[in-house]
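Peer 1: Here is how the chains run, residue by residue.
Number of protein chains: 4
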Amino acid sequence: MLVVMKAQATEEQIGAVCQKIEELGYRAHAMPGAQRTAIGITGNRGEVEPGTLDEMPGVQELIRVTKPYKLVSRDVKQENTVITFAGTDATFGGPGLAVIAGPCAIENREQAMAVAEQVCRAGAQFFRGGAYKPRTSPYSFQGLGEAGLQIMAEIRDKLGMKIVTEAIDNESLELVEKYADVIQIGARNMQNFSLLKRAGRARKPVLLKRGMSATLEEFLMAAEYVMSEGNYTVILCERGVRTFADHTRNTLDLSIVPAVQRLSHLPIVVDPSHGTGKRNKVTPLSRAAIAVGADGLIVEVHHEPDRAMSDGIQSLYPEQFAELMKQVRQIAPVVGRTVPGIGIHSRTSETLPAQSGVRAAISPSA
Amino acid sequence: MLVVMKAQATEEQIGAVCQKIEELGYRAHAMPGAQRTAIGITGNRGEVEPGTLDEMPGVQELIRVTKPYKLVSRDVKQENTVITFAGTDATFGGPGLAVIAGPCAIENREQAMAVAEQVCRAGAQFFRGGAYKPRTSPYSFQGLGEAGLQIMAEIRDKLGMKIVTEAIDNESLELVEKYADVIQIGARNMQNFSLLKRAGRARKPVLLKRGMSATLEEFLMAAEYVMSEGNYTVILCERGVRTFADHTRNTLDLSIVPAVQRLSHLPIVVDPSHGTGKRNKVTPLSRAAIAVGADGLIVEVHHEPDRAMSDGIQSLYPEQFAELMKQVRQIAPVVGRTVPGIGIHSRTSETLPAQSGVRAAISPSA
Amino acid sequence: MLVVMKAQATEEQIGAVCQKIEELGYRAHAMPGAQRTAIGITGNRGEVEPGTLDEMPGVQELIRVTKPYKLVSRDVKQENTVITFAGTDATFGGPGLAVIAGPCAIENREQAMAVAEQVCRAGAQFFRGGAYKPRTSPYSFQGLGEAGLQIMAEIRDKLGMKIVTEAIDNESLELVEKYADVIQIGARNMQNFSLLKRAGRARKPVLLKRGMSATLEEFLMAAEYVMSEGNYTVILCERGVRTFADHTRNTLDLSIVPAVQRLSHLPIVVDPSHGTGKRNKVTPLSRAAIAVGADGLIVEVHHEPDRAMSDGIQSLYPEQFAELMKQVRQIAPVVGRTVPGIGIHSRTSETLPAQSGVRAAISPSA
Amino acid sequence: MLVVMKAQATEEQIGAVCQKIEELGYRAHAMPGAQRTAIGITGNRGEVEPGTLDEMPGVQELIRVTKPYKLVSRDVKQENTVITFAGTDATFGGPGLAVIAGPCAIENREQAMAVAEQVCRAGAQFFRGGAYKPRTSPYSFQGLGEAGLQIMAEIRDKLGMKIVTEAIDNESLELVEKYADVIQIGARNMQNFSLLKRAGRARKPVLLKRGMSATLEEFLMAAEYVMSEGNYTVILCERGVRTFADHTRNTLDLSIVPAVQRLSHLPIVVDPSHGTGKRNKVTPLSRAAIAVGADGLIVEVHHEPDRAMSDGIQSLYPEQFAELMKQVRQIAPVVGRTVPGIGIHSRTSETLPAQSGVRAAISPSA
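Protein chains in written order, with my numbering: chain R, 1 to 366; chain F, 367 to 732; chain Z, 733 to 1098; chain P, 1099 to 1464.
There's no promise every hint is true.
Beta-carbon label-pair distances, calculated as ranges [said to hold, decoys possible]:
| id | chain 1 | residue 1 | chain 2 | residue 2 | range |
| --- | --- | --- | --- | --- | --- |
| 1 | R | Gly145 | F | Arg430 | 27 to 35 Å |
| 2 | Z | Glu744 | P | Lys1424 | 28 to 36 Å |
| 3 | F | Arg487 | P | Ala1114 | 51 to 59 Å |
Hints are computed from structural coordinates only; laboratory data are not their basis.
Think of the CB as a built atom: it goes at the ideal place given N, C-alpha and C, for glycine as much as any other residue.
One chain only, chain R, in its complex shape:
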């Protein structure tokens, strides 16, 4: 915390602020400048609760300095977190790019399987599909629930793809943890702290989407909630933020990728489908996401977008997705990446012990 004094603040006023700071249990460092004095506050372990400092005579402004995150920070762990999955080469945060694809919602077995086979063949290692859908309207299709999860588990067994799907409350999280390989927390729940804590007690990696108006700090603090409960396998996901711009549904903020990579050791992927909300923008922004250095993509694909029960307007056709994968493979080497495949072959989930497949080394010392 830094207290900036007014230009005409008197010595007495500066002294009073310093004294107040010391009374609150901190240390005050007065720095007289050419125009005004600033007073640094140190000695606090977390955030200073500024109380009434800014109302004291002569005070112009308070500026917060210390960042509140710990476990997510490179201050605590310098090397990248790499999340691996038993029985595949797929990772988040390793040299291989993670590609997650599938329909917005699981509508039925045939639809899910049709899409899965095509995205798997095109090179996606992860299958996504919503079983629990957070819809803006209570009258819209809300997902198949556990039946949807079972369909996805079957897809994993048949195709060897890993499953990513969203949990929207404690009840669904329990089931998602049971059936899926990665638990997605949606943008609307990024600050549902109760759900974040529950996810922090899960034994599966968590893919955390950035809230629609979350700052970088809030985004990292949401990940901190998950980690503070002991789950260090968090994958961040940029999916567009809300701005005045109306040519896309959200404004995809690709600059957060290098910004996260500078501050945090956690992997970050990009969702160009929700990030733009328009099919014809998904492929260009996917290329851009790889070029900017993201650890992967999450893309909506539907074999019959016309009949999709949600988000048909932003879903790629399977052939468009296959073409996208070609372009991703061409750009990957420029940023030192590869695109590991998983092939299409039958495997049973029994060979994948529940949690042992997830490895992420972190030894937080905070």
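Place chains F, Z and P on chain R using the hints.
Peer 2: This is chains F, Z and P only, laid out in the frame that chain R set:
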């Protein structure tokens, strides 16, 4: 839904779009204009899932027309919803303004009682205080939980104030429903649809805060979630939105008050404390909220902001709150309002039957 | 400027940053904290050009502290600037509220006179009307130019109202300075620094509208541009900012009124017409603007909005404006204000010496 | 324009609105739907001035449909506009990417030449440098003016690079037109319509930067201003928009690239330097800009960022720029592009006839 065709779209392209619309089960209305043709779509009961219409040759753009909300709308219920409480004159949506005041968090019995007595004396009819705090950091004070609720129940018994407090998940909602008079859903949970549905099954009014980047439509749809489960006693609350502006913590959007009142029958109050995040802006913006026509205020007050465990920086001193109430009483008549008091006298909660105190007439016919 | 070091920064790294700061001609103040060290920079007269400091090993972040404005600041002049006009009681920044009203554009003599008479009768002291219109489309009506200015000068002669009108470039500014009493700089030109400098050399007060996405600091710096050329009579004007919210054309940010009043001695008025873009929101937000403490209003009024050549959709009818003035008069005393009238009586412009009517005492010592 | 009626609007109200529309000289198309009626308006050549339609009984909302731009639109010209320069292979909008590089400001001959030689060697075909600087503070360095332009002309003569530099008012535009090859209009002047019109009468291409909070439509309308005066050689430039996000100076909105390309035939380049404001984000976002399909880049480079008189914090070192060019060359073929070089060899400006070097075929028929 309206399909805008390109200027050079051919007759064949226009015909193909109309045919597609009819195939999807709707009716198409082609309107040839000076520059281009637009095609209206009717016959749909809810939202049209636009699927691939926007990819058809000759299509420029799709524009959504029908609003998806029903129960919140004046289309369904023209007269204002008035929420009343047994044993008091306090209402939301009636001619009397509702004033909710109290500390950000319940810290202990002495603090809560000290603040409550002062805001009650100054004229607040509702006491607010957080027992469950959604904090950005997992390391910040998270609230006293049920012990906090018990302290507030005691305040109701002693002072006759009605209690407003936040629920953050299904578990806390159950307890809040038991102890409090109004269940608050915070801005971060405005699209926690699972929690909204649970609140819709509660037998107490719900105060729903606008999400940090919620449009008017999303805000109303969140209320629709609560109402769709049978709870018609919803109070909306503007608490500032996220913008580029950095002189306040959020940007208080007072224009949403008349906008809501035009579209919906639900009452709307304003929170200038979170809306600005700065003590010296709370009083001016409170005056403005009353002048714009809001149905009430929710204001943070702390008798020792210096020692507040959260949000001390935006809490009014009790004497500032008393001065604010004076100004509110002066502005109220300009907008045809009064400020009903409740007096300070002991009363027991036994005289307040759990739910019967809440009356809200709505007979949705959607 | 404050340099925040990483938690694991070494003593050598901290030393190197301090040395670099000193080499650049400033003083470095290292403040070791519990988690990390922050280094204050003082000795700079203006902004520090941070160059490559943020790339040095161990540096986490740079935080700017010193505000760059001088003449606009209460640091330089503590008492409010009051702008007066010879021959009237109208002021900006005095106890009397300034009310500016009129059509968006001057369309012809009859229209202008019809509106002027009605707003004058209702109590507006200033007449506004566009002679030069900055329109989004080059094909829209661009204003009458000098002919429009002449009509407004005639209105001043006849009614005694003072004239406020916009200049859009150096050429129009010269004419506006000649004919009008207050030179308006529009939101789109808030950072047209060339125009600001020219306005700074004018001998009439300048009403400066906030840019659509201007921070408080940028807004004040734009005023600083005008003042730095010698014109100390600047009136700030909030007119709504651009956000994601779509229920109004812009989001009126009333919190900037107390924020400006805390930092600057300049008067600030509010434009609820552009601030909302919808007729039915103008009156509520006008009341709110007065209640929040603004020094005045600028409101669009048209006697035949249906036939208005621009902005008809947000113009009040004259009778609505008269009703608004009644409400303004009721709220004014709550914030210690009055609404001075000017009456309707003929007067000639000869009695108003060009510039002597403007008095604003400021003796900047920066 | 579309008028959406309320659900309970009567036949009489619908009839009255239709009649009003016809009175205003348009045609009304009533479309009865399941819930409500919408009324399409056609027959208008430009924008409908909605006047008081939205105040009529039974009206819910007005929705604008027709886009106001003409010359910028693919409706008028389907093939891409390609801007070429005599004596080089450099183009905007052709298969070759345009790369513009140089310092924020021309500080002196040595600095400019040092940077120019290095960016030219690395492959930039265009040299940028500010002679007129729009600075937020009147006390900051404002540029060398004509002396700066002369230095840049010398660089063209010596290196064969084409010159891009900003004009900030009519006076500077005249000089920029004389000395430079491309006239830049900065973000702050995107709606300085007076300057846009002047640029529209210039005989050099115009690089138009997107305003900080400009929608796609406003951006295109600004280009329309230039084109409406007869200059069809406009290059659009995305440079980041203002949002709540604070990890970069602006939020670079790469999705506008495919959005512009869908609607308009004009070329669009990206400025990752202003778009992020941080050196360490320039290279990743430059890669992303090429991958998304932009027609080129404009990048700030300084050989001694520490001593830069402005924007040192976001300027690349020459060696970083050379590395960036390598990456650009690798990504270009993925999007079907090349990077034409110009070599380093002396040439005289006499061989470049003032305007004949610019060719852009457009035959607007609007």
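Peer 1: The structure should be examined with respect to each hint, and the outcome stated for every one.
Peer 2: Consistency of the hints with the structure:
no. : hint                                : verdict
1   : Gly145(R) to Arg430(F): 27 to 35 Å  : 28 Å, holds
2   : Glu744(Z) to Lys1424(P): 28 to 36 Å : 33 Å, holds
3   : Arg487(F) to Ala1114(P): 51 to 59 Å : 54 Å, holds
Hint compliance for this structure: no hint is broken.
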